[in-house]
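Enquirer: Let's have the full structure, built from the sequences with the hints guiding it.
From first to last, the protein sequence lines stand for chains P and L.
Count the first sequence with our numbering and you get residues -19 to 305, in order.
Count the second sequence with our numbering and you get residues -19 to 305, in order.
Source of the hints: derived by calculation from the structure; they are not laboratory data.
The structure displayed is predicted, hence computed values, not measured ones.
Heads up, a few of these hints could be off.
[Unchecked claim] Part of the chain L face toward chain P, derived, beta carbon under 7 Å:
no. : residue
1   : Ser9
2   : Leu247
3   : Trp249
4   : Lys253
5   : Gly286
[To be verified] Chain P stretches covered by chain L per the calculated footprint, using a threshold of three residues with CB under 8 Å from any CB of chain L:
no. : stretch
6   : 23 to 32
7   : 239 to 252
Every residue gets a Cβ at the ideal spot worked out from N, C-alpha and C, and that includes glycine.
Number of protein chains: 2
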Amino acid sequence: MATVPTINDIETAAKRIGSYVHRTPVLTSRAINRMCDAALYFKCENFQRVGAFKIRGATNAVFSLRDDEACTGVATHSSGNHAAALALAARWKGIHAHVVMPDNAPRVKIDAVRGYGAEIVFCEPTLEAREATLAEVVAKTGATVIHPYNDLRVIAGQGTATLELISDVADLEAILAPVGGGGLLSGTAIAAAALSPRTRVFGCEPEGADDARRSFESGSWVPSVSPDTIADGLLTSLGDLTFPIILRHVAGIITVDDEGIAHAMRLVWERMKIVIEPSAAVPLAALMKHRSAVRGRRVGILLSGGNVELDRLPWVVESFAKAED
Amino acid sequence: MATVPTINDIETAAKRIGSYVHRTPVLTSRAINRMCDAALYFKCENFQRVGAFKIRGATNAVFSLRDDEACTGVATHSSGNHAAALALAARWKGIHAHVVMPDNAPRVKIDAVRGYGAEIVFCEPTLEAREATLAEVVAKTGATVIHPYNDLRVIAGQGTATLELISDVADLEAILAPVGGGGLLSGTAIAAAALSPRTRVFGCEPEGADDARRSFESGSWVPSVSPDTIADGLLTSLGDLTFPIILRHVAGIITVDDEGIAHAMRLVWERMKIVIEPSAAVPLAALMKHRSAVRGRRVGILLSGGNVELDRLPWVVESFAKAED
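Expert: Pasting the structure below:
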C-alpha cells in the first residue's frame, strides 16, 4: 500500500466529498494587501462545515471505508476540530462515531461534537490517557480509528482545499499553510507540486510548538514537547506519514511568536470582518514577519478554521492584564 | 423639490455608486435557520467598503453634487460609520471632507476617518457642540453638509442595499433593518414597496433608544432622549424626512434589549464566522424574540456593519463583570 497520497487520490477525494463539504470562497483584502505590498488570496476554510478544513479529511476517510469497516463505526481522540468533523462525517454516513476528549476540552467543542451525534468518552488531558482510552473504545466497539492527520485518506481530503484554491487563483507564487500534525500542509504540498509546480509551499508554525521546523531543518523527526502557544490547533507533532511528504515537497517552515499570531488574527477580524481562530492566523503572521520576501508577489493563504472561544480572545486577555499592572 | 426619494432615485443611485461600492454577498446559516425555523438571508454590509452600508448613501450624495457645490467640499458631524464613509466618498470624488467628531470618539473610528484623508475637527461630545462646530466649519469653508440620514440622496443610496437583496433573493416575506436615524430603514422601505410589495418591512430598535417605536406608534415625532444601548450606531432620532417614509411604508417597529442584541451578535460570530457590530445584530435579536411569528418564513436581514471595538465586546465585559461578583 502506498504511503504517500497522489494527486489522483486528492482528485478522487474531491469527488467523494463534493456534495457534503462547502467549496469555500477565496477572499481578498485591499487593506491587508496594501500593508503587505503583495496580493494575498485567503482560502476561507473558517466558512467550511464544522468551521474548519478538518471536515474534508474526515469525510474522505469515512466515505472510503469498506462496508464491513463502516458498520462498526469510527473513533478518534481529539479535543479539536477533527472531533467535530469526524462526528459529522459519521452522521452523514449513518454510522457511529466515538470521540475520546480530554475532560478539560472547551465547552464549545464538546457541545459541537455532541451536537453532531457522536458518543464522547472523556479522559484525563494527557496523550497517554487519550491513547489508552481510545484503545479501550476500539477493543469494545471494533470501531475504525481515523487519525486526525497521520492517515492517507485524511491527507488526501485536506489536499482538496488547495485543489480549489489553485483552480480559483492562477499563478500563485507561494501558498502558506499552518502546520500542526501536518495533514493540511502535506495535502497542500502534494496538490501544489502536481498542479502548480512553480508554487512554493511553506508551513507556518508557532515558535512555542516548533517541532516541524526542527524536524524539517534537521531532516529527522523531532517530537513536540510541552508545546505552548495560543494556536491551540497546532500543538501536535508531525506524523510518520506527513513528515516525509513535507520534507520532500515543502520549501520551508516559518515560525512566529504568539504576539505576531494575535496581531495577525486581529487584523483579519478588523479588516476582513471574518472570524478566524489563532491557528488560522499563523500563515499571515509568518508573511508579515517576512514582508520583504513577499513584496509584489501573489500568495495563497489557507485560513484553516474559525472556531474560537469568544470569551477568551488573546488581545482582550492582554488588555485586561495590562490594566491590572 | 420632492421630499421622498422614489424607486427611480434608488435605481439611479445604484448606477451612480456601482463602480465604487461592493455588491455585498447574501449569506445563509444552516444553524441559525434551524434555531429560528425560518429561512434567513443576511445581506452582508459588514463586508461593504468602510465596513458599513453608510458608504452607499455618502457616495450617492457626494456624486450628486453640482460642480459648484463640490469644489468647496463636504462636511458632516458623526462619530460613526457615516464619517468614514463621507471621507472615502470625498476622496473618490477628489474633494475635501470636514468631519466634526466628539473628542471621545473611538480611536479606531478616528483613525479610519483620518486614513481616508478627511480633516477632523474635534468638539465636546454633545449634540449642541457638534452642531455649533459644524456651523463654524461650514461658515469658514463653504462646504456642503451631508447629513448622515436626513438627506434624500443619502436615503436613496441606502436603498440600494435592498435593491440588491431583492434581486438576489426572491419572495421574501419580510425584511428587517435596524433603525437609528432611519436612513437605511426608509431606503429599504421605499425599495421594497416598489419592487416587492408583498414584502413587509420592519424596523428593529434597541429598547434603550426606542424613539422610532414611540414615534411610529404615536404617529408623531418623539426624540431620542438619553439613549443607552450597546448598539452605538442607533442612538440618533428619526429625521423629518425619514419619519414620514417610515410611517407610510414600514409594517412595524420591534424593540429588543441589549442582552438580546449581544446574544444575537455572538450567534452570528460563532455560527457564521463573520464580524458584525452590535447595531447590525438588532434585527436578528428582534426576529429571535418573535420566533413564532417568522416560523417557516423567508426573511431578509440587513447586517448593517462590522465596525467593532474588539477590545470591548459585550459578552467579554459581561463575563468579567460576573467573575468580579
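Enquirer: Holds or violated: the stretch 239 to 252 of chain P covered by chain L, criterion of 3 or more residues with Cβ-Cβ distance under 8 Å?
Expert: holds (count 3)
Enquirer: Holds or violated: the stretch 23 to 32 of chain P covered by chain L, criterion of 3 or more residues with Cβ-Cβ distance under 8 Å?
Expert: With 3 residues close enough to chain L, the hint holds.
Enquirer: Quick check on leucine 247 (chain L) please, does its C-beta sit within 7 Å of some C-beta on chain P?
Expert: This interface hint is violated because 10 Å lies over the 7 Å limit.
Enquirer: Under the criterion of a CB-CB separation shorter than 7 Å, is tryptophan 249 (chain L) in contact with chain P as hinted?
Expert: holds (5 Å)
Enquirer: Let me know if the C-beta of glycine 286 (chain L) comes in closer than 7 Å to any C-beta of chain P, holds or violated.
Expert: Holds: closest Cβ of chain P sits about 4 Å from glycine 286 (chain L), inside 7 Å.
Enquirer: Classify the hint on lysine 253 (chain L) as holds or violated, based on whether any CB of chain P lies nearer than 7 Å to its CB.
Expert: holds (4 Å)
Enquirer: May I ask you to test the interface hint for serine 9 (chain L) with respect to chain P, counting a Cβ-Cβ separation under 7 Å as satisfied?
Expert: Hint violated; serine 9 (chain L) Cβ to chain P Cβ min 10 Å, cut 7 Å.
The structure is inconsistent with the numbered hints 1 and 2, although it conforms to all the rest.
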